[in-house]
Amino acid sequence: MSEYILRRLAISVPVLVLITAIIFVLLELAPGDPLAAMLAPARGVVAPTEEYVAELRKTFGLDRPPPVRYLIWLGQVARGNLGASVTTSRPVVQEIRDRLPATLELMVISTIMAIVIGVTLGVYSALHQYSFLDYILMALSFTWVCVPAFFFALLTIFLFAIHLDWLPAGGFRTVGIEKFSLLDNLKHVILPAFVLTMGNLAEYVRFTRASMLDVMQSDFATVAKAKGLHVPTIIFRHILRNALIPIVTRVGLSVAWLFSGALIVETVFRWPGLGVLMLQGVMTRDYPLILGMNLFISVTVLLSNLITDIAYAFIDPRIRYT
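Residues in the sequence shown are numbered consecutively from 24, following our numbering.
Any given hint could turn out to be false.
Said to hold, decoys possible - So the derived label-pair ranges between C-beta atoms look like this:
| # | residue 1 | residue 2 | range |
| --- | --- | --- | --- |
| 1 | V131 | L49 | 28 to 36 Å |
| 2 | I34 | R113 | 31 to 39 Å |
| 3 | F181 | I34 | 46 to 54 Å |
| 4 | A44 | W189 | 47 to 55 Å |
| 5 | W280 | Q152 | 25 to 33 Å |
| 6 | G84 | F181 | 41 to 49 Å |
| 7 | I140 | N208 | 15 to 23 Å |
| 8 | P37 | A279 | 15 to 23 Å |
Just so you know, these hints were derived from the structure itself, not from any lab. Here the structure is a predicted model, which is why all the values come from computation and not from measurement. From the three backbone atoms N, C-alpha and C, an ideal C-beta is built for every residue, glycine too.
Whenever a hint applies, use it, and build me the whole structure from the sequences.
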């Protein structure tokens with residue numbers, strides 16, 4: 024197991040370097056000037072001279088060739104320095120650290136809700152195959168995948184925040200409350216977490232149902248039934264445990280989806296997380312912030328995939344890595 028983990032870590036390093044190179048090249052090919060945000064009228068510079076622009080390019084190293092700038096940035100990343108935001112002049116690491124707790128809260132709550140509800144409904148649907156509720160759940164699952172996240176977010180705001188006035192329409196806390204309140208925070212997190220949950224819920228229902236039906240037709244499940252074991256023992260000890268591998272795979276792959284979904288959900292609900300920070304960086308062409316955010320997300324996705332692979336061996340004893 025330790026040899027496999029070390030091998031996966033070694034493979035992840037060149038993959039991560041390749042990802043950084045792709046991100047850097049895409050930013051270089053993107054239209055616009057990285058100095059546009061700094062030279063905006065709000066900064067007090069109305070008509071900068073060519074000498075002033077050239078001096079700024081030299082200060083930020085933008086006068087050097089792209090390969091040189093990429094190697095310099097990669098060297099700084101190896102030292103733990105992601106640079107400074109062009110718009111706020113704060114270190115990118117600090118910007119990510121300040122926004123990370125809000126995004127983690129949203130992602131953890133939505134993931135737990137999606138797994139618990141999705142796996143439960145998937146197991147029920149598999150055990151009652153071709154029943155009326157099974158058809159309803161499958162129809163809703165396939166339909167829900169086609170619903171855009173921003174549309175559902177706006178729908179929930181209209182229904183629960185505007186029409187019924189049960190929950191706040193957005194934000195992290197109520198305006199005027201300086202001290203953190205858990206109850207107030209839970210009121211604000213319900214709607215964005217619900218929207219983010221529903222995006223994953225349909226996938227967990229379908230994956231669980233398909234995996235359960237596949238395992239229920241296996242030989243060891245038939246033998247367990249022939250031995251006269253109790254039905255709950257057969258379902259939870261033999262069938263569900265062996266059906267968890269595709270579900271664990273979906274959990275690992277959902278990390279990347281959660282980051283992309285969080286960008287939309289956080290923007291609609293004005294949730295002060297990494298999604299809003301990423302959008303601000305794109306809108307202001309804040310290249311150091313965009314590079315740092317993409318690097319952070321890439322590392323997180325790689326680590327989640329590694330943890331998913333390691334979890335296989337603990338879930339299914341037939342899997343052993345040598």
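For each hint, the structure was consulted:
1. V131 / L49: 28 to 36 Å: 30 Å, holds
2. I34 / R113: 31 to 39 Å: Holds - the Cβ-Cβ distance for I34 and R113, about 34 Å, lies within 31 to 39 Å.
3. F181 / I34: 46 to 54 Å: At roughly 47 Å between Cβ atoms, I34 and F181 fall inside 46 to 54 Å, so the hint holds.
4. A44 / W189: 47 to 55 Å: 48 Å, holds
5. W280 / Q152: 25 to 33 Å: Roughly 28 Å apart at Cβ, these two residues keep to the hinted range, so it holds.
6. G84 / F181: 41 to 49 Å: Given range 41 to 49 Å: holds, Cβ gap about 48 Å.
7. I140 / N208: 15 to 23 Å: 22 Å, holds
8. P37 / A279: 15 to 23 Å: Once the Cβ atoms are compared, 19 Å apart, the range 15 to 23 Å for A279 and P37 holds.
Of the hints listed earlier, there is not a single one the structure fails to meet.
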